Each structure stands twice: as C-alpha cells, then as structure tokens.
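Top to bottom, those sequences are chains A and B. Per my numbering, the first sequence starts with residue 108, numbered consecutively. Per my numbering, the second sequence starts with residue 21, numbered consecutively.
Hints were generated in silico from the structure; no laboratory data involved. Keep in mind that a hint or two might mislead.
[Unchecked claim] Below, computed lysine to any residue pairings styled on SDA-like, alpha-carbon distance capped at 20 Å: (1) Lys131(A) x Val306(A); (2) Lys633(B) x Ala192(A); (3) Lys621(B) x Asp151(A).
These figures come from a predicted structure and were not determined experimentally.
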Amino acid sequence: MKLAISKKQKDSKIKARSKKADDKQKTILEMLKSHGAKIYDDLDNGQFPKFSIPSRSVSNIVYDKKLRQYILGNNAALRSSRNSAQLRSFTQLMWLAFFANRLTNERKSSTLRDVYYSSQAFAVEFEDQSESDNIIVDLEAVTSRAREDFHIFPEERSSIFGDLNIEYTIPGYEGKTMNLANHPDGYSIGPSLTTAELVDTSAEIVIAIEKGGLFTRFVEEQVDKKFKSIIINTGGQAPRSTRTLLKRLHDEMKLPVICLTDGDVYGEHIAMVIKSGSANAAHLRELTVPDAKWVGVWATDIEKYKLPTIPMTESDIKRCYDLQKDPRYQDGIWKKELDVFLRLKRKAELEAFSKYGLTNITDKYLPQKLELAKSL
Amino acid sequence: MSSIKEKFNQISPSEFFYSNRDLAGFSNPTRSLYTAVREFVENALDACDQKGILPDVHLTIKAVDPEKSDPKPYILTVKDNGPGIDAEHIPLAFGTVLYGSKFGLKQARGMFGLGATMAILYGQITTNKPVTVKSSSDAKIQNQFEILLDIQKNKPVIVKHTTKEITKTGLSVSICLEGDYSKAGTKIRDYVYETSLITPYASITFDDPKGQKFSHPRFVKEIPSPPTIIRPHPHGIDVERIRRMIVESQFEIPTIDDAMIEKVRKDLGLSVKKLSFTSIMEKAKKKWKTLPRQVRVVIALMSFLKMDFEKLNKIRIEDIDMPNKKLFYWDFGDSQSKSIDMDPESQYYKQLTNTVQGEPLTTFLTKRFQRVGPTTALKFAAFAKLKPEKRMGTLTNQELVNLSDALQKFDDFMAPDSSCLAPLGAEPLEKGIKKFFNPDFVAVVQRPASAYSGFPFIIEMGIAYGGDIKSGGPHVYRYANRIPLLYDEGSDVVIKVVNDTDWGRYKVKGEPPFIIVSHICSTRIPYKTAGKENVADRQEIERELRLALQYLSRKLSSFMSKRGQAEMAKKRANLYAKYIPMIAEFCTELSGKKKEPNYKKMLETEIAFETKKAVKEENEIGNK
Numbered sequence: 108m109k110l111a112i113s114k115k116q117k118d119s120k121i122k123a124r125s126k127k128a129d130d131k132q133k134t135i136l137e138m139l140k141s142h143g144a145k146i147y148d149d150l151d152n153g154q155f156p157k158f159s160i161p162s163r164s165v166s167n168i169v170y171d172k173k174l175r176q177y178i179l180g181n182n183a184a185l186r187s188s189r190n191s192a193q194l195r196s197f198t199q200l201m202w203l204a205f206f207a208n209r210l211t212n213e214r215k216s217s218t219l220r221d222v223y224y225s226s227q228a229f230a231v232e233f234e235d236q237s238e239s240d241n242i243i244v245d246l247e248a249v250t251s252r253a254r255e256d257f258h259i260f261p262e263e264r265s266s267i268f269g270d271l272n273i274e275y276t277i278p279g280y281e282g283k284t285m286n287l288a289n290h291p292d293g294y295s296i297g298p299s300l301t302t303a304e305l306v307d308t309s310a311e312i313v314i315a316i317e318k319g320g321l322f323t324r325f326v327e328e329q330v331d332k333k334f335k336s337i338i339i340n341t342g343g344q345a346p347r348s349t350r351t352l353l354k355r356l357h358d359e360m361k362l363p364v365i366c367l368t369d370g371d372v373y374g375e376h377i378a379m380v381i382k383s384g385s386a387n388a389a390h391l392r393e394l395t396v397p398d399a400k401w402v403g404v405w406a407t408d409i410e411k412y413k414l415p416t417i418p419m420t421e422s423d424i425k426r427c428y429d430l431q432k433d434p435r436y437q438d439g440i441w442k443k444e445l446d447v448f449l450r451l452k453r454k455a456e457l458e459a460f461s462k463y464g465l466t467n468i469t470d471k472y473l474p475q476k477l478e479l480a481k482s483l
Numbered sequence: 021m022s023s024i025k026e027k028f029n030q031i032s033p034s035e036f037f038y039s040n041r042d043l044a045g046f047s048n049p050t051r052s053l054y055t056a057v058r059e060f061v062e063n064a065l066d067a068c069d070q071k072g073i074l075p076d077v078h079l080t081i082k083a084v085d086p087e088k089s090d091p092k093p094y095i096l097t098v099k100d101n102g103p104g105i106d107a108e109h110i111p112l113a114f115g116t117v118l119y120g121s122k123f124g125l126k127q128a129r130g131m132f133g134l135g136a137t138m139a140i141l142y143g144q145i146t147t148n149k150p151v152t153v154k155s156s157s158d159a160k161i162q163n164q165f166e167i168l169l170d171i172q173k174n175k176p177v178i179v180k181h182t183t184k185e186i187t188k189t190g191l192s193v194s195i196c197l198e199g200d201y202s203k204a205g206t207k208i209r210d211y212v213y214e215t216s217l218i219t220p221y222a223s224i225t226f227d228d229p230k231g232q233k234f235s236h237p238r239f240v241k242e243i244p245s246p247p248t249i250i251r252p253h254p255h256g257i258d259v260e261r262i263r264r265m266i267v268e269s270q271f272e273i274p275t276i277d278d279a280m281i282e283k284v285r286k287d288l289g290l291s292v293k294k295l296s297f298t299s300i301m302e303k304a305k306k307k308w309k310t311l312p313r314q315v316r317v318v319i320a321l322m323s324f325l326k327m328d329f330e331k332l333n334k335i336r337i338e339d340i341d342m343p344n345k346k347l348f349y350w351d352f353g354d355s356q357s358k359s360i361d362m363d364p365e366s367q368y369y370k371q372l373t374n375t376v377q378g379e380p381l382t383t384f385l386t387k388r389f390q391r392v393g394p395t396t397a398l399k400f401a402a403f404a405k406l407k408p409e410k411r412m413g414t415l416t417n418q419e420l421v422n423l424s425d426a427l428q429k430f431d432d433f434m435a436p437d438s439s440c441l442a443p444l445g446a447e448p449l450e451k452g453i454k455k456f457f458n459p460d461f462v463a464v465v466q467r468p469a470s471a472y473s474g475f476p477f478i479i480e481m482g483i484a485y486g487g488d489i490k491s492g493g494p495h496v497y498r499y500a501n502r503i504p505l506l507y508d509e510g511s512d513v514v515i516k517v518v519n520d521t522d523w524g525r526y527k528v529k530g531e532p533p534f535i536i537v538s539h540i541c542s543t544r545i546p547y548k549t550a551g552k553e554n555v556a557d558r559q560e561i562e563r564e565l566r567l568a569l570q571y572l573s574r575k576l577s578s579f580m581s582k583r584g585q586a587e588m589a590k591k592r593a594n595l596y597a598k599y600i601p602m603i604a605e606f607c608t609e610l611s612g613k614k615k616e617p618n619y620k621k622m623l624e625t626e627i628a629f630e631t632k633k634a635v636k637e638e639n640e641i642g643n644k
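Just chain B, same shape as in the assembly (with noise of 0.2 Å):
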C-alpha cells in the first residue's frame, strides 16, 4: 500500500494563465487570432496616446504556409512609432505575465499589459515559436530581442538579442501563432475599421495573409488630451484596497546605522562631524520643511533621547509605545534595556505618531482620496462613527469593514473627478462619422462626467442617417474606452438601451437607414465577461446612455419631420395635379354646367407655394 502524498505548489502567474487562458479570451484558433490582434494593436494605441504622438500603427498577419488549410500557424506583426521600451525592461515586459507599466488609476485601453503576454504565451504553447521585439526609445540604437517565456518559473528566456541603428523611435512586436483567419478574418477587419473610427488621429494599415491591404489613414490631427493619473475616490475601494493604502502611510521606524547618521547629518547640512546635541536640534528646526521623513524621524527619537550621533550610534531601538509614552532601547554600552518618558506636548511626538500609528482617519481621507476637503472628512467622520483624529494603523479588522462600508454608503462625497478619463471629443467623433458613412444627417453628443460606485464615467454617442448608410438599421457600434466590443452584442447595455427605444416616436420608420456609435469611457468598464466584449447593465451608465440617446433622436426626429415635410410638401403638390381636374371634371357633370370651374390659377399658385416649400426644407437641411 503506497499513501498519496499531497504536494502544495505555488504555481507562478505564468501558469496560473496557461490553464486558465479562456478567460483571457484565446479558447479557440479563430477567437485567440483577434483577441492577439486586439491586445497588440490597443497597446500599440496606448503607447501612443500616453506619449502624445499621433499613432502609425502598421499590423500584418501572414500565413507560416499558405498551402495549408486553417487553424494553422500564422505570423502576427504590429509595428507603431510609439516610444518604445527600454532595452533594459523588454525582457521582463515581454517574457513575465504581471508585468507592465500601466498600473494607476486612468482611463486606459487595457490594464497591466497583461493581454499582449497572454498572446505570447499563447503562440509559444501552440507554436514553440519565440516572440520577437524590435524596440528603439532614442531613435539611435534599435535592440532585436527575440524572447521565450520559461512557464513554471514566470521568467524571460532571452534566445537572441542584437542591435542596429536607427531614426526613429517605435516599437514592433511579432509572434507565430495556431490561428484561423478564414473564420476570424471578418471579425478583424470589422476590428481594424471600426477602431480607425473611433481613433480617427491613427494611421491604421493591415496587410491580410491573402495579401488584400486595409489603409484608414489619419483624419484627424489633434491628439485628445491625455488622461491624468488620480487618486482614487472612496465610493469605488474595497477592504483590501484601504489596507494597502494604510500600509502605504505608514513607515517603519528607520534603522538607525552609519549610513542612516550619514544621511541625516548630509540633509542637516552638517559638515563638522562632532556636534551638540543642542545644535543639532536648532538645525533641524530651521531645515524641518525640507527635510525628508525618514530624517525628520531619526530626529525626533533623538530629541527623546536626547543624544548627539555619537551617542545614537551605541543604542538600537526597540519599541515605541505611544499609548503609555515610553521609547525603549538597547544600550550596547550598558547591555541592558532602557527606557525614557516621551513629552506629548513636544512637537516630536507627533511626528512619531504618524510614523507608527499612521495618519490621523481625515488627514488620510484629504491626503489618500480625491476630491475629500476638511470639511467633508469631519463629517464622514461623525457619519461612520469614527473619531476624526483615529489613528489609521490602530484600526481594528471589524473597524476597517465598518469604514469601508461607511465610505461606500455615505452620499456627501462629491462626484468622482473626470480628468482620468480621454473621452475623444465630440467633434472628432463627428468627422469620423461623416467620413465613414457619408450621411445625410449626423449628430454627436459628450454628456457631462457622471460616476458609478466611484469610477467615474463619460459617455459619448453619435447617430447618422441616410447617405451611405444600409438600410434594416439601428447599427450599433459599441466602444469602450475606444475599443471596438464586437462579440456578445444581446447582452449588452448599449444594445437594451436602443431595443427599448420606440423609434416610431422620433419618426423614424420601417427598415431605416442609421447607425448609433456609443462610446463608454471610464478608469472602469463594468464589463460582463473577463472576455471584455459586453458591459453590464449598471443604473447609472444605463441612465447615461438613455439621456444621451433621447437627446440625438430628438435631433434626428427633428430632421426627419423636416426632410417628411419636403417629401410632403412634394407630394401635396403631385396629389392637387392629379385630382383636383377630376373633382372639377365630376362636379361640373354633377352640377349640370357645360363649362368646367374657373380652378386652373389657383392649382398653379398651390402647386408652386408646395414646391417652394419642399425646395426650402431641403436647402435647410443640406446646410446642416
């Protein structure tokens, strides 16, 4: 009889991917080929973005044998003229999951440039192939690295690494991958289009492996401001999150060894090396404000203790106890433990406070939270029933989920702030519709920044009719923080938004000609799926959409009464040209008279006042 040893294993990120890859979006050949499109091409963007420069952004999917029939191997290429990587970081960014720059709170076509490794990954489990990156972030020297990623140990395998001259800065990645353009192709090139429509400052080119080239060339060319980097806002963080805050403002006591004395006495200014404890003191009052927090702690045990440098070099500190004012050390002359009383009034022991228990609970709410004043934090205070000058470290467990749920539920925080988020602008969206469609009619609105659960929110929407618009429409084109969501349209809000709406009301009838373009920007798409393809239904987004779409159709129902009543006013005219001569014909039979009625003056003058007007309508119209 042999006993099952359990064996527990941390397994990296790496793998933790690896067997959950269809979340991520890559579950079969056809999905994972436009998911790795996606996910290059939207970084490619962001690289862009971030910088301010106006992307060219070059994709190639070519076929390992074109002989053979799909799934098969392709080779995905996306090249941009973005900054480009460090030579230095392009290992670790290329070939470990977890790894990337866009940690922070702004709005962002994706997070952690987590998708573009999964896509690695994926191609190397599928192909064995490794990926290849050509950065250059000087425009000098260009570095060739082409890169493996070691599974189990969530580690870069560098294959090959060379270097070239260059003049330009950009990036350009390229993997083999298992993919099967012949059923994902429509799909990509919907993604290519569509996204070129929504980022209309992009040079977008993709060259098909069945050799067709797809150019949107940039019409735009202003860049939309970039987003701000924020804080976060209480209404939108969780338990977990305000514990790693507090972590974060709390600071260990500093280990107080030769280099630390050296740093102190280098930021005091002091060049002599043997000073009064006095003057040393005096010093620091004077430099306090520019003094950095660890200095300004090894001063203040030191006004404690009431020791010079040298004095401090034979001690170590062992506790500080705030709550009974006593700092113990460890005398190496003496070998034995010591304590002193600490003075609360001393300005010091503030100082010490904060480094140990943490900040007080409102100087954590106006200085960890966006848009939280004095004010407000006094009165959130009172409201979560929580002393204002609470110490954050020395908050219990219960007494952290009764403060987060206290931050979530009280309503007098203002609005989250809205300089995270790059909506694209009304008018850029307005010339990328009336480019692409060539309508008849178009009208775009920006709705004001709105939040849900703290993530602050910006909906953009566009509707066009006629021109070269097919008809059996609304075509909705759905955008989230100017990403094309292609799949998965039934379950979406964009979608419900438009079912519900009874477009019999704003006139517009039968099998119509127009399209919606709804564009959701937010630090956070409260998307349904991991796959990011549908976003959920929350009330305030929905309310959003719903204000924004009344408002276009009340415009569209306006140019459709307008261009109804030039079809109107046309067709009274050929309706009194065809029976008003009969009617006048019947009724002087019916009437016993020879001669027909003395009409024909009036019909004309009629006939002439309808097209008049029908001409005017138009030309009102055409204007627009």
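Extracted from the complex, chain A is given alone in its bound form (with noise of 0.2 Å):
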C-alpha cells in the first residue's frame, strides 16, 4: 500500500519533471520560430532579411560588477543579406538556426564538430570547423541561450562522483534515475547528464578540482563521505556542460562549491572562470557560479607548506601581468596571490604534496581548506 502511494506519487514527479523538460524545449521551440518568421515575413514581402546581433568585439566586453561578470555592452550590429559580405554568415546562422531547431525538435544532440559535417549535406558551405564553431556563438549572441540548449555539445568531457540521485530527461531514458557515486570512475558530464533533473543528494559541499589524478586519489580517499561532497574533475578548464552543472548543483541543491587547482597562475584562472565566467562567453549568463570559492593551492601555500617547485616560464610571468589588468583580480585573495606568484615566480602542482605521502593531500591539506573556506 506504502509502495502503491509512493509509485504513485513517484510517476506523478515523473510527470512533473518530463513537463519541465517539455517546458523548456517548448520555450526554445517557439523562439527558434519567431527568429525563422521574421525572416520568413521580409522575404514575403519583397525585402531582404535582416537581424541585429550584439557585437562581441573587445570594446563591447564589460564587467558588470552587479552580476560579478563579463558581459555584453549595448552595441549591436546589423546583419543583412542585402549586403554581399554578409550574405554568405547569414545563410550560414540561418542554416544553424533551422538545424538546431531540428535537434531539438527530435531531442537529438550533436556536437561542434558535427555541426561542422553536418552542414554539408545542405550545401552550406564552411571554410573549417572554427568557422562553423563561430557561427554557433552568433546563434547563441542572437538567442542569449547556450548551444547546449540547442542539443551542441563540446567534445571534452569532465566527470562527476558522489552522493547524488539524478533523473533522466532525454529520449529513451525518461524517468530513469541513477546515483553518482555507483561507479568508481566517476560518471561523465555529458548531454544527458546536464539536462537531467537532480533528485537529491547527502552531500554538503560540492569540490571542483582540476586534474583527474586528484579526482581518482579523492574517490580512493572516499572525500565523498569523509566531507560529505561532491567531486568534480574540471579536466582543466571547466567545459561550459560542467559550469552548468555546477551552477545547478549550487541553485538547486543550494551546495557550495569550492575550487582546488595546482598553484599556478592557471589553477588561479580556472578557479575564476567557475566563478564568474569567460570574455569568450559574455553572451551567456546561465554559466557562473558568483558564490564559488578558491580554496587552493594559493601562492602563499607553496611558502607555508613548503612544496616542492618548478619555475615559472615567460608566458606564466605574461599571463600573471594580463590578469593584473583584470577588474576581477584588484582585490581580495585573487590580487594577493597573484602578487605573491609575481614574487615567487615559481609554481607547484597538486601532485607536489605528494613529497609528504600520497595521502598527505586529503587527510591534512584538504580538511584544513575546507575549514578555510568557511572563513572566505
């Protein structure tokens, strides 16, 4: 009888979650259509189309204090196929628009580089994929939605493990559920994976960390219930499918996220982008974590742990002035440290504690950050 309500009340959530799916593709549908019926009017009535699309030349990349990130300034320039240099971009964003209201109609995802081939079979014609990659910013300037909405997806992959129950949404799976923490490798963070409802987790804290030889050390150590978290190999700089994912496990399961990355001024950045996003991606808003916190490994730690170094090279010593330029990184811990690798020029990696056991890392490095972070 018990079982009977909650099967009950289970397919009821079901349903409630596949029409938030629904929702959203709706949503995205109907945009895509406005977009397409504008055009569609011009050409009926014996003009040529055009639309305006926000510029995302440098001069138009602002910092918005409010929002804690790079956005968009108010310039936009118009696109018309009137104008013969503009004639062959415009056929190329109008293709993509029509293709990607396709995937989404059929719930099919692609990814950039099939975007690329895909084109072909509709004679439009691409020079190479960076320019097939560029029109799908354009899309996502004029639709302010990432590709991922459109069903595009990036060819690399980072991982997820931990306590965490997910609902399916994509075709085929609808209503499956899955725990994360049921295999050791970690899951990877891919379409399915991002559009998936979180059902509910035991976790307390959500920790991104830059390399995937931590992140299996950090499964081995079971971080996952020793801190109650949720662990995330960025693979690097974080894929905008995990900053989604990151920025949904703290909205949604209202966890905090902290970063650790090697002690460099990389590690630094990768840190920031989780925060606050890139000049790349001003177009978007949906992909920032402003709450994120970089615990570690800061210039400072290198000093007080004693961790054995490697030198800067010329392009760390460069990438440190370019960021001092940075309106993100004229206060707090981010200027500090920055300063503190100017000074030191030298950097130490995640592997460097290693000098102290294997498992130095996560039984005292580790619980003393997460203390930290507290603070922060």
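Once you've looked at the hints, go ahead and assemble the two chains, each given alone in its own frame, into the complex.
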C-alpha cells in the first residue's frame, strides 16, 4: 500500500519533471520559430531579411560588478542579407537555426564537429570547424541561449562522483534514475547528465578539482564520504556543461562550491572562470557560480607547506601581468595570490603534496582548506 | 748605383681614357658591346633630333667568325638618315677624344660625343681594326673613311679615304670589337625595345648575330620640338665656370697694326686715306652702334691719344692704368715711353673700362645668365655685399669664391628656363604605351618644369594596367633624356619612389599586371655613377617623381574601383542567386510554414539591377 502510494507519487513526480523538460523545449522551439517567422515575412514582403546581433568585439565586452561577470555592452550590429559581404554568414546562421530547430525538435544531440559536417548535407559551406564554431556563438548571442540548449555539445568531457541521485529526461531514459556514487571512475558529464533532473543528495559541498589524477585519489580516499562532498573533475578549464552543472548544484541543491587547482596562475584562473565566467562567453548569463571559492593551491601555500616547485615560464609571467589588469583581480585573495606568484616566480602542482605521502593532500591539506573556506 | 729619375709626361686624353675605360662602361666584353650599341644609337638619334629629321636607325651586329665561342670579335654597324658630318671634320670627330659638337647647355642624350670615341678606342685596342665611317652631308657625295686612332698623340690616322655618289644624307659607323653577345643579347634587345617606346617618332631595326631581325617602326609622325641652347642659371654654376665666363667677357687690347687700321677704316666706311682726327671721330660717333667691339676700342684709344691713323702707326700701347686714369704708350719716333691722362667723363672712358676690367657685376649677371633682370641683379649685389658697378675683372680670388657662394644661396632668382628641355610629350608617350602593352588602362602626366641646383628638369610618367602586361608588377621602365636605363636598378631614385608607394591604398593588390614608365629630362641628369645607369635621389627630383606617381596612382585607383565595382556588381548578382533561395528554404521550415515565401520577383529585380550596373561600369572603363 505504502509502496503503491509512493509509486503513484513517483509517477506524478516523473510527469512533473518531464513536463518541465517539455516546457523548456517548447520555449526554445517557440523562440527559434519567431526568429524564422521574421525572416520569412521579410522575404515574403519582397525585402532582404535582416536582424541585429550584439557585438562581440573586445570594445563591447564589459565587466558587470553586480552580476560579477563579463557581459556584452549595448553595441549591436545589423546583419543584412543585402550586404554581399555578410550574405554567406547570414545563410550559415540561418541554416544553423534551422538545424538547431531539428535537433531540439527530435531531441537529438550533436557535437561542434557534427555541426561542421552536417552542414555539408545542405550545401552550406564552412571553411573549417572554427568558422562553424563561430556561427554557433553567433546563434548563442542572438538568442541569449547556450548552445547546449540547442543540443550542441563540445567534445571535451569532465566527470563527477558522489552521492547524488539524478533522473534522466533524454528520450529513451525518461524517468530512469541513477546514483552518481555507483561507479568509482565517476560519470562523464555529457548531454544526458546536464539535462537530467537533480533529485536529491546527502552531500554538503561540491569540490571541483582541476586534475583527473587527483580526482581518482579523492574517490579512493573516500573524500565524498569523509567530507560529505560531490567531487567534480574539471579536466583543466571547466567545459560549459560542467559549469552549467556546477551552477545547478549550487542553485538547485543549495551546495557551496569550492575549487582546488594547481598552484599557478592558470589554476587561479580556472577557479575564476567557474566563479565569474570568461570573456569569450560574455553573451551568456547562466554559466557562473558567483559564490564559488578558490581554496588552493595558493601561492602562499607554496611557502607555508614548503612545496616542491618549478620555475614559471615567460608565458606564465606574462599571464600574471595580463590578469593584473583584469577588474576581477583587483582585490582580496585574487589580487594577493597573484602578487605572490609574481614575487616567487615559481609554481607548484597539486601532486606536489605527494612529497609528504600520497594521502597527505586528503588527510591534512584538504581538511584545513575546508575549514578555511567557511571563513572566506 | 743608379738613380731613378722620375719622368713627368703630359698624357693625351686618349691615353687617359684608355687607362680608365671602366669608367665609361667598357669594363668587360658583355658590358662593352652593350655600351657601344648605346653610344652609336644615341648619337644617331641625337643628330636627327637636332635637325628635326624623323630618324631611321639601323643597327647590325655580326660575328666575324660565327663558329667561335664568346667572347669574340663582332662588327657593329649603326646607320642613320641624319645630317651626316662634313668630310673635313670626320677624321677629327672619329679619331680624337674630346672632339664633339654637343657643347652648350641643352638637353641631349650624350655630351661631347665622348662615348662613341670610347667605343672606337675600345674596338681598336681589342681587335686592332680601324673604324669605318661613311657620311654624306650634302646628299650628293658620300665620303668613306677608315681611321685609326693614335692614342699617344690623340690624333687620327687616315688609313683609307674614298668617295662615291649618293642621293641621301646620313652617317654610318662601323667598328670591330671584342664582345659577348650570348650574355649581352638580352640587354641589347631590351635596350632597342625600350628605346623605341620612348622614341616613337623613330624607326629602329636591329639585325642580331643569330640572324634574327627586330623591327620597331615609327608610330608617331611628329618629332618633338628640339630644345634651344640657353645661358646658364646662377644656381648651376661654380667658381671655375665664373672664371671662364669672366675671361670670355673681357677683351684684350687689340694690337694696332696695319691690318687693324685697315679694318677700322673699312668699318667706318672711309675711302680717303688721309683723314683728320676730328673727322674720324665724327664718323665714328655716327656709326658707333654698328661698330664691332675691336673697332670701338681702337676709336676710344684714338680719342684719348688725339691721333689720326698716320700717327697711330708710330706708337705702341703699353698699359692702360684705369685706377690712375693714365694711358702709357711707346713712341717709336722719340723712342721713349709717354703717358697721357684720360678724362673719366668721356664716353670712351667707359668703353675702355669695360674692355680692361670687364663688365660691371649687374651687366655680367643680366647678360651672361638666364632670366636675371636689372632689379634682381641689384638685389643680388646687395645680398652678396658687392657694389653693383664692381668690375668683374677686378675681383680677387676670395671675392670670386664669395660670389659663387652667394649665387648658390640667393633665393630670388627665377626658376631655370626649361626651353632647353625636350620632353617627349604626354600624347606620344600614351600612344607608345598603348602600342607596346595594349593595356586596359593607361594614364600619363607631364609635370611642369622644376629645377635642382640650377638645372631645369621635367618629369614625364605613364602608368598602365592589364592587357598584355604580365603580372608581378609594378614593372618600371626608367628613362633619362630618352635613354632607357637598364642596369643598377636597385639604387635608383625612381625605384625608391615606386617602392615607397603603398599600392593597397590605390586598390592595386596581389601580383598586379601593371607598368610604370618614368622619363626624367634635364640638362644634367644627376647620375650616381659614370656608367649612367641610375639616378641619384636629389630631393627636388624625388618630390616631382612622387607628385607624378601620386597623380597617376589616383587615376589608376579610380579605374580599379570602377573595375572593382563592375566585378562586385557581378559577384553580388551571383551571391544573391545562390544564397537567397537557401535562406528561403531554411526559414520556411524554421517558421513552420508549408509554402516558401514569395521572394522570386524581388530576387530577379535585384539580379537584373546588379547586372545592369556591371555592364555600365565596364562600358565606362571601355570608353576610356
């Protein structure tokens, strides 16, 4: 009886969730349709169709202090099919919208590379993949939607591990659930996981870690249980789907997010991108976790823990100077650690803690940092 | 022990050039053959130009022994239809160095005919054969000479002289010289080809040693007006030149002998032998204006001596002391030296002063230089801190140097007279370019005359695009005084100006098929080297070249943009036809419609419009 009720309850829950996914799909389709209708009407009225697109030039990328991320300014450019210089890219974008419409409608996913090859079936030419990638960003800018919303995903994958129950919404798996602690290698964060419903979790924190090796170590050392955490391997700079998932874990499951990276300027910036996005994606808003915290490895940790170091390269140092000009690095820990990196001119990797034993990082360093994170 | 005694010998000009032949472009068999061709062809053209004759020039190069390998002896013959040279001048003109007719200030291809003699000299020292000259200056008799050059004495040695009857004037020069045609051939053919472009009124043929014939008939019937000989400009002069001009302007006191007295008597129109002093003076006063200078001086002297012809016969003028106004003479009768005072107020006093001390500065300037008037002369005197009436003959060395400096520095002289220049003219130049390259576009410009260091010059330039021109341009054809410059391109001022141009700005991109023809005309081309192949970057010349090129580039740019517009219109029509239907297809599905939008009529109208535009632009280019 109890079971029956719970099954019934579960069924209605599934229905509700699948309706939510349906709604989202509907919104996207409606939006694409309205863009298409505008073009159709222009042509039908004997006019060259045109639309406006926010400018993605450097001069139009500004830092929004309130949103704590880079956004596009008010400059917009007119794309007209009458302009012969724009006609080709106009057609390409038109095709992409048409193709995204099909993907969304049929709930099929594709990769950036897929898009490049698919175009050839419609006699739409792209010089190379970077040209098609660029048109995809155009579509994002025009619609203010991430490409993932149109079922277009990048190739790179990162992974996740921890006690988190999810429920799929992709065709063929609707209603199916999964606990993400079931497989010790972790689950790869792809289209099905990003679109899945997050059901429940016992975790109290999300630890985003830069490297696969450390991710495996953390799973082995049961960091998920010891510290009630979900572990995410960003695989270097976190892909957009991973950042979307991090945001959802923070917003929907109310979990704090901390980042653990190599002790160098690139590591510091990996954390910053998770926190406030990148200039490249200034046209998108749903990719940041403004409350995310970078807990290490800090430049000051290098001295504090006497970590083995390697010297910075010329490009490391140049990167430091570049970031010093970034408005996000003007105060707090971001500025302080950057200055110390520049003073030391040396860097340390996460693996450097192995000097003190393989589990030193999980036994000693991590607990200290988790404690510290509360006060950040 | 023997002492070495140094010998100082004066060497003849022939010997000097013999030992310095590299300077004149006779450094090796390749270069020498090319230079010899140039010198004779240019002499032939210059001779015709001067007499206003449409030139027919025939160049022949024949190997003495075709089987031999290069370098080997060749017979080079250049024949023209010019005025020819009088028989009496031929041995000197072709058998001595530094004998020529091209003295004086005007534009000509060569100076003094030096190069031709160098070629003869070079031929003689490499093959030991005489030069053969056939000339007729009266269209009746042709004189044929075979001449060798005595290098040490700088004198001609006539080996053979014959005459025959003929009906045309003209000159034919034939020399035998060591050359390398296999290496020089390309340059010589280029030279002939490029010469005919800049000399469209000439007909030039070339028979080469391999039996090939190159013929460049004239395609312009009018010969450009010949240049006039003019006086120098003050800016183009140095101390040595001033010194020579002063000597020319001064006049020696004539020796008064029987012959001189006879001349004076004749010029005054006096038939009676015995005539009183007063009646001589009266007659002279009446005829003064028609009297030659020598006679005037004698009359002036007589006026102070107060002597008639008979008395004059018995004295000898010893000295004329102008500062002390005294005239000294030796009296044969008394056998003693005597002196008389001269009255400075007398009109004859001025005549004597001019003769002895030269002209006053202002007269010297206005009479001896081009475009200097009395006002400017006075202004200049003040500038040079010299008295206007200062006699040129009384200038000290230091004063001469100061004068020369001041002439360079004084800015108020008028620009040099350009009537001594003979540019080709915009129209013949354009005709030439059209004939040679059959281009899609051509523009030419002749800049107004300008000057550097007192030497006037004119820049003529042409630019052409497309047609038969090969890509990889700009190809630059450089000319100076109608001579093509083929060697040492790298350091030339024209190349510098062309290379400084950003062609992208004029819508010329990639490997464009276009040429530039540049012609510098001047009384003195500032060549960088004695080989006369590249022009130095004088600021004034560079500026004029730049202005000419900018003007033409703008014309080219507007042609390119018209052409570009036509191409763009065509391209747009194609793009619309290709892409608009695709957009229509995609947006139909995207907007969930069944039927495609009604766009076909709009597309047709637009394509028709662009096609019409393309045709119109193309026609405009075509009409030009």
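Is it true that the CA of Lys621(B) sits at most 20 Å from the CA of Asp151(A)? Between Lys621(B) and Asp151(A) the Cα gap is close to 10 Å, so the pair holds against 20 Å.
Hey, Lys131(A) versus Val306(A), does the alpha-carbon distance stay inside 20 Å? holds (18 Å)
Is the Cα-Cα distance between Lys633(B) and Ala192(A) 20 Å or less? Satisfied, since the Cα-Cα distance of roughly 18 Å is no more than 20 Å.
Hint compliance for this structure: every hint is met.
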